[in-house]
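The lines below spell out each chain.
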Amino acid sequence: QQQVKQSPQSLIVQKGGISIINCAYENTAFDYFPWYQQFPGKGPALLIAIRPDVSEKKEGRFTISFNKSAKQFSLHIMDSQPGDSATYFCAASLPASNYQLIWGAGTKLIIKP
Amino acid sequence: NAGVTQTPKFQVLKTGQSMTLQCAQDMNHEYMSWYRQDPGMGLRLIHYSVGAGITDQGEVPNGYNVSRSTTEDFPLRLLSAAPSQTSVYFCASTGLEETQYFGPGTRLLVL
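So the protein lines, in turn, are chains A and B. Residue 144 is where the first sequence starts when you use the numbering used here, and the numbers rise one by one after that. Residue 813 is where the second sequence starts when you use the numbering used here, and the numbers rise one by one after that.
These aren't lab readings, by the way, just hints derived from the structure by calculation. Here a beta-carbon is modelled for each residue, glycine too, at the ideal position from N, C-alpha and C. Worth double-checking, as some hints may not be accurate.
Said to hold, decoys possible - Taking lysine-lysine pairs in the DSS-like style, the calculated list, with each CA pair at most 30 Å apart, reads: (1) A:Lys148 x A:Lys255; (2) A:Lys148 x A:Lys200; (3) A:Lys185 x B:Lys821; (4) A:Lys214 x A:Lys201; (5) A:Lys251 x A:Lys214; (6) A:Lys158 x A:Lys148; (7) A:Lys200 x A:Lys255; (8) B:Lys826 x A:Lys214; (9) A:Lys211 x B:Lys826.
Unchecked claim - Where chain B lies over chain A, by a calculated footprint (3+ residues, C-beta under 8 Å): (10) 163 to 174; (11) 180 to 187; (12) 192 to 199.
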């Protein structure tokens, strides 16, 4: 019930293509869904986040799509660039949980030039 | 702002040794946490703190201790290192809108 399942484990996309990473959850009480980006040798950094009252949020080339009925949310990277090559983590949290995040296992994204 | 800082960057320990991983933040955040990151397992919460003097266990607390005497500092102690504790350790503090700010990590190898 507390898990967030992330897929795929790894992804290779050509430069200029669309990268799509998916996450699924069971607990309908989750109310915050962030995506974090991690470059090799660095700590994760918040990329974009969404709450369940909206179905989509866009920031530049990055979009979160949220499907409440399917209990799924996904990250779309448009016009993918080699600089987007990183590991991406989805996460979720419950209200009044002291900000504890339940993390997906991560997706290693490689953008080929 | 230095953000979240961690020391050391890299450490090699022998089984049974103890050590303290340091973490400090200068953003005046009340909530801080320690994670370990292992390949294919994402980030797992070890301990967290909601303010000075208050700490609690996360998902994988065994073998680790924490304390929070000030808002700024949140050290993680390994009591008796084991090879299973070989990992990358991240400290994070949580700011507005639940955003977590991570340090650069400590890479620990236990032989």
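- prompt: So which of those numbered hints doesn't the model satisfy?
  reply: 8, 9, 10 and 12
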